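Sequences are here, hints too, so could you generate the full structure?
Those sequence lines, one after another, are chains D, H and Y.
Note that this note's numbering has the first sequence beginning at 227, numbered continuously upward.
Note that this note's numbering has the second sequence beginning at 1227, numbered continuously upward.
Note that this note's numbering has the third sequence beginning at 192, numbered continuously upward.
Everything labelled a hint here was simulated from the structure, so no lab data went into it.
Incorrect hints may appear among the rest.
[To be verified] Anything over 12 Å on all C-beta distances counts as not near chain Y; from chain H, calculated: (1) A1316; (2) I1335; (3) L1405.
[Unchecked claim] Dumping the calculated BS3-like pairs for lysine-lysine here, alpha-carbon to alpha-carbon at most 25 Å: (4) H:K1386 <-> Y:K282; (5) Y:K517 <-> H:K1374; (6) H:K1374 <-> Y:K269; (7) Y:K375 <-> H:K1363; (8) Y:K309 <-> Y:K253; (9) Y:K269 <-> H:K1363; (10) Y:K389 <-> H:K1363; (11) Y:K528 <-> Y:K513; (12) Y:K517 <-> Y:K282; (13) Y:K476 <-> Y:K555; (14) H:K1386 <-> Y:K285; (15) Y:K580 <-> H:K1374; (16) H:K1386 <-> Y:K309; (17) H:K1386 <-> Y:K517; (18) H:K1374 <-> Y:K309; (19) H:K1374 <-> Y:K282; (20) H:K1374 <-> Y:K285; (21) Y:K248 <-> Y:K513.
Just so you know, these numbers come straight off a predicted model, no measurement behind them.
Don't be surprised by glycine CBs; every beta carbon is placed ideally from N, CA and C.
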Amino acid sequence: MTGILLLEQALNGLQFGLMLFLLASGLTLVFGIMDMINLAHGALYMVGAFLTAWLVQLTQSFWLGVVLAVMLTAVVGMLLEATLLRTLYARDHLSQVLATFALILIINESVRMIWGSDLALSMPQALSGPVELLPGLRYPSYRLVIIAVGLVIALMLYLLVTQTRMGAWVRAGASNREMAMAMGINIRRLFTGVFGIGAALCAVAGAMLGPLLAVQVGMGENILILAFVVIVIGGIGSVWGAFVGAILVGFVDTLGRTLLPLLFREIFSPQFASAAGPAVASIAVYLLMAVVLFVRPQGLFSGR
Amino acid sequence: MGSLNHKTPLWIWGLVLAAAIALPLFLHARDMDFYVSMLSRMMIYGIAACSLNLILGYGGLVSFGHAAFVGIGAYTVGILITEGFTNGWAGFAIAMGLSALAAAIIGAISLRTRGVYFIMITLAFAQMIYYLVNSIKAYGGDEGLSIKQRSDFGFGLDLKNDVTFYFLVLFVLVLTLVLISRIMHSRFGRVIQAIRDDDVRVDAIGFASYRYKWVLFVIAGTLGGLAGALMVNHQNYVSPNLMHWTQSGILMVMVILGGVGTLTGGLWGALVLLILEDVLAEYTLHWQFYVGWFLLAVVLLAPKGLAGLFRRQAASVTTGGAA
Amino acid sequence: MRFPVIKSLLTVSTLAALACAPALAADKVKIGFVSTLSGPSAALGVDIRDAFMLAVKLNGGKLGGLPADVSISDDQFKPDVGKQLFERYVKRDKVDFLTGVVFSNIMLAGLPEAVSAKTIYLSPNAAPSPIAGAQCTPYFFAVSWPNDAYHEAAGQYATNLKVKSAYLLAPNYQAGKDSLAGFKRFYKGNVSGEVYTKLGQLDYSAELAEIRAAKPEVVYTFLPGGMGINFIKQFMAAGLNKDTRLIQPGFGADQDVIRAVGNDMLGVFDTSHWGLDLPNEANKKFVAEFEKEYKRLPTLYAAQGYDTALLIDAAVRAANGKIEDKEAMIKTLKTVKFNSVRGDFRFNTNQYPIQNYYLREIVKDGQGRLVNRIVGQPILANHGDAYVKDCPMK
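Below is the structure:
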């Protein structure tokens, strides 16, 4: 078990974690401030990926396609919020679950009707090769770009939330909505704005991950669950919590997927090890969440 | 006090039951056993949904991991049959026992949390069980497990016969509904509903709300396992997908659709959703689109679910009536 | 209390409406076609379907002289959906033949339905080892190849190259296990790693890191459809093609993958029972017509779908349209001659094919397109499978 392997896996974990953060941050804000369970958050991630794939084809430029797709998804998100989701804030969680579940079905099929079940998206030619980080470690340059993008956006979000006035409104709304309204904050526009930002973040994640995973209908469902786990670990309403939670989950999941099968392979047959390893690694993430909830029920850094 | 103030007259129940008994015979006479099988499947989902409604509707506990109990019941019977133990009585009993055990453990831990954390913890447990079962290659792993025959209950009952199987399912469904009705009419049931409305107050009066919730959770899990045992028999197949969180979501949708906190809400939700799916799937590949709009309409226009549409709203603050 | 009455009336009337199904139709061949038509691996099912329907079309919409009624459904890459579709086709629609499934796990979930309803299933792709051996059934015909075959050929190729260390990777399902078992059966060198990934997994960063650490001479993977496309793209992105040689079974190197990956595929070697350039008349016609109709080159999946239709056509014709007699139909299918696009075709006693397997290389054709070209003599000629001795059928 070499250091190179460990380092490469650590980078993979960081990359995955950062993308999870993009999804989780939007989700935690929506949940924290609007107190709304939004199961359709993963669908926005998917819409972002599809729009990227489509626009990249149209414009023949990867980065232009990404930027346009992100903006378009933000608009879609804000429209969704202003028309439908707004009516759900006052409703109970169960109604929100049902409504956003219905939304997943509608959005999935709409995408399928417009573009089909999947769309090809390739990473830019310039980034499709490796970069020699260390002798013997050639790491895909595209993944390095993802890590860079993730870190930059994390920094921007941090600045937004802590240094700007909007950020202050967001934090106020997260800790006490009524008081915030009483203080004169235009909650309606704030919510729409927050939702739009959340949708944009989803789109960035979808666009970045699209070339690595496949852009396909239903891609949101799997990652949505992990995003929920992240915000529960990190603390609902806290962007910093979403960051820490996402990195943690990214590392535990990726390193778990490598280390555990390796360990198991020493003891068991290859088929068992390859089945049990990833299974236990997946469970590890949930165990992590259960432990955190046990020790600190409101999450690591609760926003409230 | 909600649930059971407006009792449906017994003759209506009799009529429904008579129709339910006559239907498969009618279909069989027209050589349409396929539809009998389809009805059985819907009733099985109905049992699962009603068991969820027990904790969701009556108990106010939003469990996102209920499909795990259905899966445990299904896999238990599936594995037993694969290993040669085809006795239905024993198989079903063990399946329910294991589901009860799982519910006891999961409930004991989860019920210490509340609100969205309860939702997430039940979800986490369900996912853990899903991944665990997925890794057991001996019994199919994520390819699933096919069984060669159905459970054997003796008395010359051949469950391979669609009509016979239908009647077994109907029997279990009726028993389940009677059981749930009895529970909620009892003193236990009244305490549960009081807990749903305000458990702090209930604790203050002297009832250990945690213990009541736990018992309810175990009962619901057991009934879920029963549904699972029926399901693996019906499909001659079980796969870990049965326990995926999206399946729990579908059960929840059925409950909310049919009417949270009503006796037969789960059943109607299951029937409507599954019939809608099957009918629409004949006409278009994009049936999920239409189902989605339908569900959305229900949420926005019929807040109490479909059950609420057909009932005059009770004046009381507590939710929904009974069927 | 109107509520339950209305509900029951609704239910009954819906079912009654459904129940007014058309009466049994007169002479035609009813075919239930279940395949993966959505998701990352949809290209495979789409190819099989397109080729099958092309054969029917070229035959004037008939099979064996009878009008063909083909009902097509999508299994969505889910075994339970596939199973339900099989059940509907055999129980409600009472089809004469079932076909179409790409993936072994879905086929294995649905096959019991076909067998218990005594409906013949002709596989244009998935043909796992248990059904070739101890669990063989007269209701299953593999019109493609035994699952192991391509991998045995690849293993033989690696042996011919005197490879010392090979790293193996496949998804954790029946066909995946078959694949690596097949490779190892004919590969005489050392196996430096054997990894089973999750079926449908798309991110191979973890596995690629391990391959880099293991430094094998050859990497052999069986990853059909979207899985293979992603793996190869990521393999190239990680620069591993400079460190090690990638050998593929035909599944990982045909037109669907070439279209998605592009020029990086040049020079890859793979094994298959069929190639675009096989020199028989049926194949020349098939390739030309497919390209004319669909504006793309066919894959080996398409070739298999086409052959399945040709087989049904020949068998129904030989039975003079008497398709209700299942036993006679099975005997006919086993022995009837038809002009397969792969050249010679015959069934073994377990109803799996005996045929040649070739080495192919990806090169540029006259029009600058990347295509597979058959290289040299067949690696394995007139090759059956290792499981036929376990099958009691004669």
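To see whether the hints hold, each was checked on the structure:
Distance check for H:A1316 against chain Y: the nearest CB is about 24 Å away, which clears 12 Å, and the non-interface claim stands. Remark: the non-interface label on H:I1335 is consistent with the geometry, its nearest Cβ contact in chain Y lying 28 Å away (cut-off 12 Å). Listed as outside the interface, H:L1405 is consistent with that label: its C-beta sits roughly 18 Å from the nearest C-beta of chain Y, beyond the 12 Å cut-off. Distance check on the hinted pair: H:K1386 and Y:K282 sit about 13 Å apart at the alpha-carbon level, within 25 Å; holds.
In summary, the hint linking Y:K517 to H:K1374 is supported, as the alpha carbons are separated by about 22 Å, within the 25 Å threshold. A C-alpha spacing of about 20 Å is found between H:K1374 and Y:K269, which places the hinted pair at or below 25 Å, so the restraint holds. At most 25 Å may separate the alpha-carbon atoms for a hinted pair to count; Y:K375 and H:K1363 meet this at roughly 21 Å. For the hint linking Y:K309 to Y:K253, the alpha-carbon distance of about 23 Å falls within 25 Å, and the restraint holds.
Note on Y:K269 and H:K1363: the hinted pairing holds, with a Cα-Cα distance of about 17 Å set against a maximum of 25 Å. Restraint check: the Cα-Cα separation between Y:K389 and H:K1363 comes to about 12 Å, which is no more than 25 Å; the hinted pair holds. Distance hint between Y:K528 and Y:K513 is fulfilled; the C-alpha atoms sit about 18 Å from each other, no more than 25 Å. Distance check on the hinted pair: Y:K517 and Y:K282 sit about 16 Å apart at the alpha-carbon level, within 25 Å; holds.
Pair hint Y:K476 plus Y:K555 holds up; C-alpha atoms about 22 Å apart against a cutoff of 25 Å. Note on H:K1386 and Y:K285: the hinted pairing holds, with a Cα-Cα distance of about 18 Å set against a maximum of 25 Å. Distance restraint check for Y:K580 and H:K1374: the Cα-Cα separation of roughly 24 Å lies within the 25 Å cut-off, and the hinted pair is therefore satisfied. For the given pair, H:K1386 sits about 15 Å from Y:K309 by alpha-carbon distance, which is consistent with the 25 Å threshold.
For the given pair, H:K1386 sits about 22 Å from Y:K517 by alpha-carbon distance, which is consistent with the 25 Å threshold. Of the pairs offered as hints, the one joining H:K1374 and Y:K309 holds, with about 15 Å between alpha carbons and a cut-off of 25 Å not exceeded. At roughly 18 Å between alpha-carbon atoms, H:K1374 and Y:K282 fall within 25 Å of each other, so this suggested pair holds. A threshold of 25 Å between alpha carbons decides the hint, and for H:K1374 with Y:K285 the separation of about 21 Å falls inside it, so the pair holds.
The suggested pairing of Y:K248 with Y:K513 holds, with an alpha-carbon distance near 22 Å, which does not exceed 25 Å.
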